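Take the sequence shown: its position 211, counted from the start at 1, is 211 in my numbering, and no numbers get skipped.
These aren't lab readings, by the way, just hints derived from the structure by calculation.
Computed from a predicted structure; not experimentally measured.
Some hints could be false.
[What the hints assert, rightly or not] Calculated lysine-lysine pairs in the DSBU-like style (CA-CA distance at most 35 Å, straight line):
| id | residue 1 | residue 2 |
| --- | --- | --- |
| 1 | Lys-76 | Lys-144 |
| 2 | Lys-209 | Lys-33 |
| 3 | Lys-122 | Lys-76 |
| 4 | Lys-122 | Lys-217 |
| 5 | Lys-60 | Lys-217 |
| 6 | Lys-63 | Lys-110 |
| 7 | Lys-123 | Lys-24 |
| 8 | Lys-143 | Lys-125 |
| 9 | Lys-110 | Lys-144 |
| 10 | Lys-24 | Lys-122 |
| 11 | Lys-110 | Lys-143 |
| 12 | Lys-217 | Lys-63 |
| 13 | Lys-33 | Lys-217 |
| 14 | Lys-60 | Lys-209 |
| 15 | Lys-76 | Lys-33 |
| 16 | Lys-24 | Lys-63 |
| 17 | Lys-110 | Lys-217 |
| 18 | Lys-122 | Lys-110 |
| 19 | Lys-110 | Lys-60 |
| 20 | Lys-24 | Lys-143 |
| 21 | Lys-209 | Lys-144 |
| 22 | Lys-33 | Lys-60 |
| 23 | Lys-60 | Lys-76 |
| 24 | Lys-209 | Lys-24 |
| 25 | Lys-60 | Lys-122 |
| 26 | Lys-33 | Lys-122 |
| 27 | Lys-122 | Lys-143 |
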Amino acid sequence: MREFSGNPFIFLDNVAYEFSDGIKINIDHAEIKHGDRILISGPSGCGKSTILGMLSLSLKPTKGRNFYFEQNDILKLWNNYRRDQLAHLRSAYSGFVPQTAGLIPFITVKENITLPLSIIGKKNKVWFDQLITFLEIGPILSKKPCQVSVGQRQRVAVARALINRPMIVLADEPTASVHPTLADEILHLLVETVTEAGSVLIMTSHDVKRALQYGLKEMACYIDNETKITRLRIHA
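Construct the entire structure; sequences and hints are all you get.
Next up, the structure:
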């Protein structure tokens, strides 16, 4: 069982991203604690993926007052061009589940899953075996991604995101490209596996009703009618 400090895992205060055409996305204030399950909701084009990009440390905010990730000053790292440290934080602390699995086509399912461990030089066979059993993908480990179903590929993407037991898992519309029945299965497995790993979950989705059934707390993107700035509003 992981032991956590009382500090928020992620803390943001007046963090913004502005596109070249003047469209601006602003996070006025947000605290994400260890164990949180967060749903970022909103219509297409409102900035959900941009917010996820900033939270995943892959997209540099245009400006900000405070942005801390596991007590690391992210704005300072970006401003000092410490991309090596940012890359280390991404690989050591986070896992990512893309919308369409994003598996490497010319290597096996097993090699796709263990790739993050190879990058950070870790081995964890016990957790690997638990993860494979939990997600029921043992029989397809030697297959290539093109040889398995869409649902199986999403399960593999979940396994890859969680293989290094990350402190945070970010999922960008993980059920957008699948049938509603399969969407329920993937969401159930994602939430259950994240819980088993002891990770934070931040997920974007159009399907708010379905996602909230799994106990996620909603942060909704909305456009401020006065300023035309997209903001993130936290629902209690």
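Among all the numbered hints in the text so far, which are the ones the structure does not match?
Numbers 1, 6, 7, 10 and 20 - these are the hints that the structure violates, sorted from lowest upward.
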